[in-house]
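Peer 1: These protein sequence lines map, in sequence, to chains F and A.
Plus 618 on top of the position in the first sequence (first one is 1) and you've got my numbering.
Plus 24 on top of the position in the second sequence (first one is 1) and you've got my numbering.
Everything labelled a hint here was simulated from the structure, so no lab data went into it.
Do not rely on the hints blindly, as some may be mistaken.
What the hints assert, rightly or not - Partial list, computed: chain A residues near chain F (C-beta under 7 angstroms):
id : residue
1  : 94
2  : 97
3  : 251
4  : 300
5  : 386
6  : 390
Just so you know, even glycine gets a beta-carbon here, dropped at the ideal spot from N, CA and C.
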Amino acid sequence: MDDPFEIGGTTLSSRLILGTGGAPSMDILESAIRASGTDMVTVALRRVVPGVAGSVLDVCERAGVRVLPNTAGCRTAREAVLTAQAAREAFETDWVKVEVVADDRTLLPDTVELVDAVEALADLGFIVLAYTNDDPVIAMRLAALGCAAVMPLGSPIGSGMGIRNPYNLAMIREQLTVPVILDAGIGTASDAALAMELGCDAVLAASAVTRARHPEIMAEAIGLAVRSGRLAHLGGRIPRRLYAEASTTSVGLPEL
Amino acid sequence: MSRLDAVIVGGGIIGLTVGWKAAAAGLRVVVCDPAPGRGASWAAAGMLAPVTEATAEESELTRVGLASLTRWPRFAADLAADAGVDVELRQDGTLQVAFDGDDRRALDELLAVHRRLGLDSQWRASRQCRELEPLLSPRIRGGLFAPGDWQIDPRVVVTALIRAFANRGGRLCRSSARRLHFDARNSVGGVELAGGQVLAAGAVVIAAGAHSAVLGGLPPEATPPVRPIKGEILRLRADPEDLPFTRTIRGTARGRSVYLVARSSGEVVVGATMQEAGFDTTVRSGAVHDLLHAAIDLVPAIEELPIEETLAALRPGTPDNAPVLGPSSTPGLLFATGHHRNGVLLAPFTADAMLEVLTTGALPAEAASLGAGRFR
């Protein structure tokens, strides 16, 4: 089935994006990337020095996946912009996932700083993917500022609490024309499937894979769930009913 | 000078241990390092902790760690005898505690790993943890006690190793190796030092820690993928007569990992970060903040201790977190590197395995999984 997924004019073959933080070893990270089927991996610029052999970037190159630098760790718009500019030089890409978090207890997005950072980076010609909360109004503002994709959270980073507000997420999906990527909160495969069933264009999973007991197995599970959820979204779920309705009706039954 | 049996590049705990054991076995050995014992070994906390370091997918590393731990008492005694100094191995165990409910759930996962691997650890309620170590925060939500996770002061160990190595007839060359020296048959036949002098030897053992893949002349196909993983670590000073705790305390506090190790000298080690930052060894203010934040969450009383030292050093990391031991695909070129978080723990095991390699040419069966060929 032809179901291309595009961000900023680039077609991606998988609707799963993986985060790399927290993997127990580079070998395990590499096997998880391969098992997931992803073709884009996000890497915290502050935690990686390009050009060092054996780093996460080598792993990405060997696995043949695109690297999406992110601004994890930034607390102000200014830091995010400077970090993104450093990423553009180091990684030779215009793509950036902008994260500006308010504090390290909740890691929730500081949307005031985020909006400022996104505006500046879009003006500088970046392809901006913005990590935000599940507020439809902010999501619309981000899209209007020129984000190539908006990435609302399901629940806080690393919490594994799944999608706490599917209603808001559905509203975001309904109102935006740019891709909506569920970012943060995935705990297991069913969370990813639910995000896709709600109409998200893609899912980002990091801790759910890297901190799983067996990351490679969980990566495959979430990769399958994303595909499965996407197909379910396209296939169209049936209306919910209070009472049963036999799948085989009496029409055409032989009268004995 | 006539040909040596082996030149060891790198005089950290691994290079010195291999050198000492080889010299004690009668081999003619030189260790070259401009600053022996002053790399990762000098920064390391010296936890001998195969149980609290265990992870779900690294059971082989756990096996090797346990195999090395059982050698430590004898190893420490032999080292003390050969060096003529005291080497204190502290065997009072390790407490791995959880600060809040989230930390507790993460610790349950570690306990499950211990049960599955059959490792010795016991759950202790918060009050039981505080009976063992009364200065633990009353807020902790409980912990695991691992009686078999010990500690030793790596600075004492490397200082003793330098003496023991010399006492057994080994020679320490305080110069850095610049490049490998190849003989006429394209075998590795020694190293060329920074000054241009060549040390000819039957074998070269690369034990240069995080720098093991960057020595000049290393054939790329024979070089294991060893990369630097930066660790930042603090040293506080307590009254030796009044240590805030005696068992090693590890834990997570609001998601931040930390360990605290107290020595009878009064030194309290607080570590350590893990960062992929190339060969940078600066200490970030955020690292000091995060380490102290977590450490003070777990043991509030350390707030009063003076900071004696902040230090960053480079762990030698490998793709599977396990060391690289034994022969490479290039004749005469051996590796004893890639010990990552476990260099101190794995030193006795590494020395035994490498001595076997130097005398027989092959790794013993118990170390066969750690060979240099596994990354090809």
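Peer 1: Could you tell me which of the hints above the structure violates, numbers in ascending order?
Peer 2: 1, 2, 5, 6
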